[in-house]
Structures are given as structure tokens and as C-alpha cells.
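**Student:** Note that the protein sequences, when read in sequence, are chains H and C.
Just so you know, we're using this note's numbering here: the first sequence kicks off at 1 and counts up by one.
Just so you know, we're using this note's numbering here: the second sequence kicks off at 1 and counts up by one.
Since the hints were made in silico from the structure, they are not lab data.
Because the structure is a prediction, the values reported are computed rather than measured.
Ideal Cβ placement from N, Cα and C applies to all residues, glycine included.
Wrong hints could be hidden among the right ones.
[To be verified] Beyond 12 Å from chain H on every Cβ pair, some chain C residues (computed):
no., residue
1, 41
2, 53
3, 83
4, 95
5, 99
[Claimed, not checked] Across the chosen pairs, the derived CB separations fall in these ranges:
no., chain 1, residue 1, chain 2, residue 2, range
6, C, 16, H, 55, 23 to 31 Å
7, H, 17, C, 79, 49 to 57 Å
8, H, 22, C, 71, 41 to 49 Å
9, C, 53, H, 82, 26 to 34 Å
10, H, 60, C, 68, 14 to 22 Å
11, H, 55, C, 15, 20 to 28 Å
12, C, 16, H, 14, 26 to 34 Å
13, C, 96, H, 62, 24 to 32 Å
Given next are the chains, with one letter for each unit.
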Amino acid sequence: KAGVTQTPRYLIKTRGQQVTLSCSPISGHRSVSWYQQTPGQGLQFLFEYFSETQRNKGNFPGRFSGRQFSNSRSEMNVSTLELGDSALYLCASSLTGTAYEQYFGPGTRLTVT
Amino acid sequence: AQSVAQPEDQVNVAEGNPLTVKCTYSVSGNPYLFWYVQYPNRGLQFLLKYITGDNLVKGSYGFEAEFNKSQTSFHLKKPSALVSDSALYFCAVKEVNRDDKIIFGKGTRLHILP
């Protein structure tokens with residue numbers, strides 16, 4: 001079974017631009033969650049989608065948004081990028097949600113200059 | 001509000017010695033508790049979880065964790081450390097029966113010295 005895939009793996013953007021990251025979950029997994037990983041803050045939950053509906057949201061500004069498609073693939077969008085958005089963005093999938101084992105993708109390394 | 005703390009940014013252990021990575025949590029009700037590991041240049045991997053039942057949970061790679069409700073702790077342990085255990089370890093908590101988000105700790109870097 002193929003693992004969680006994320007594209008692109010690396011991205012360099014300029015402050016003020018927007019970016020879209022993509023995540024393909026493990027086949028059969030209906031829950032997709034997004035996390036931001038930085039050295040200072042560790043792993044912070046962004047949001048979780050289940051069957052195309054946002055089920056939970058972390059404490060991030062509205063510039064961070066996401067969606068999930070009918071095939072469970074998910075996208076995350078960050079608008080008006082700031083320098084502080086530079087981070088590793090991780091996507092994780094699970095059968096039913098974050099209360100169960102999550103399988104993480106390799107991440108997208110976003111650098112904002 | 002739920003929270004999780006990993007009080008040590010880094011833990012150094014000699015190979016062959018027992019290791020402990022500490023985690024404490026706070027939830028209003030009962031917790032789901034997790035440990036995940038991030039090896040260098042590899043993705044985060046699930047190690048183990050506590051939902052209910054036996055307080056000692058066994059996981060992958062010889063790791064185990066002990067749930068202590070009175071101390072609100074969920075420390076990760078291994079009887080004999082390997083150099084290959086060197087990695088970044090994350091503890092996480094989610095409250096049972098509430099549709100709340102999962103909270104991860106800031107991580108503890110474990111260095112196993114040969």
C-alpha cells in the first residue's frame with residue numbers, strides 16, 4: 001500500500017505571495033490532518049478534514065485554509081505569506097481521525113523570503 | 001483546555017542503558033495518549049498509544065510507555081538504548097469523547113551515545 005504523499009517537497013516563496021500544498025492519503029483513509037513543524041514551536045495542529053468536512057481547526061490565522069476532495073486528497077493554502085510561515089508542513093492520514101494511528105507524509109519544506 | 005508538556009528538550013543516554021523520555025498532560029476528561037518518533041530525514045512514525053486498559057503500553061522497536069493517571073504522565077521507556085534510537089520524539093494528547101484537536105508536545109531530542 002502506498003504511503004502518504006505530499007507535493008511539492010520543497011518550495012521557496014516571497015513574502016506576500018500565496019501557496020498551495022497537496023496531500024494524497026493512504027488509500028481508504030478518510031481523515032487528513034495538517035501540521036506545521038518549526039524548531040521553536042514543535043508540531044502544531046492546523047486542521048483536520050474528514051469526508052470533505054473540516055472537523056477541527058488549530059489556532060492559526062485565517063490565512064491558513066484547507067479543503068478535502070471526494071477522493072480524500074487534501075490541499076492546504078496559505079495566503080499573504082509571512083516570513084514566520086517558513087516551516088515544514090506535514091500531512092497525516094488515518095482511517096477515522098486523530099484519535100487513532102496517523103500516518104505522516106514526508107512533508108513540504110516551505111521557505112518564505 | 002488540553003495541553004501536553006515535554007520538559008526536556010534533549011536527553012542523552014549511553015548505548016545499552018535504559019532510557020526515559022518524559023511527557024505530562026492536562027485534559028478535563030480521559031485522554032488518548034500517543035508517542036510518535038521522527039528519525040533524521042524520515043517522516044514521523046507512530047510508536048504507541050494509550051486508550052484504555054493496561055497502564056503499560058508496548059509499542060514498536062521495543063519501546064513502552066506507562067500511563068500514570070494520578071501524575072498525569074505518559075513517559076516513554078526502553079530497557080536498553082540503541083544508537084539507532086537517536087531521533088526526535090513527540091508526545092500527543094487528545095481528549096476522549098470530545099471532538100477536540102490533537103495536541104503535540106514540542107518534542108524531545110534523544111541522543112544515544114555509543
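**Student:** Take the hints in turn and mark each one as holding or not.
**Tutor:** Each hint tested on the structure:
A beta-carbon of chain H is positioned within 12 Å of the beta-carbon of residue 41 of chain C; the least distance is around 9 Å. For residue 53 of chain C, the non-interface assignment is confirmed: its Cβ lies about 15 Å from the closest Cβ of chain H, beyond the 12 Å cut-off. With a cut of 12 Å on Cβ distances, residue 83 of chain C stays outside the contact zone with chain H, its closest approach being about 23 Å. Chain H draws residue 95 of chain C into its interface by the beta-carbon criterion, the shortest separation being 9 Å against a cut-off of 12 Å.
Non-interface status of residue 99 of chain C relative to chain H is broken: a Cβ of that chain comes within 12 Å, the nearest being about 7 Å off. Between residue 16 of chain C and residue 55 of chain H the Cβ separation comes to about 44 Å, which falls outside the hinted range of 23 to 31 Å. Taking the beta carbon of each, residue 17 of chain H and residue 79 of chain C are about 50 Å apart, inside 49 to 57 Å as hinted. Taking the beta carbon of each, residue 22 of chain H and residue 71 of chain C are about 42 Å apart, inside 41 to 49 Å as hinted.
Against the hinted window of 26 to 34 Å, the Cβ-Cβ separation of residue 53 of chain C and residue 82 of chain H comes to about 45 Å, which falls outside the hint. Distance hint check: the CB atoms of residue 60 of chain H and residue 68 of chain C are about 32 Å apart, inconsistent with the given range 14 to 22 Å. Between residue 55 of chain H and residue 15 of chain C, the C-beta spacing of about 43 Å breaks the proposed range 20 to 28 Å. The hinted range of 26 to 34 Å is not satisfied by residue 16 of chain C and residue 14 of chain H, whose Cβ atoms lie roughly 50 Å apart.
Take residue 96 of chain C and residue 62 of chain H: their Cβ atoms lie about 30 Å apart, and the range 24 to 32 Å holds.
Against the hints set out earlier in the document, violations occur for numbers 1, 4, 5, 6, 9, 10, 11 and 12.
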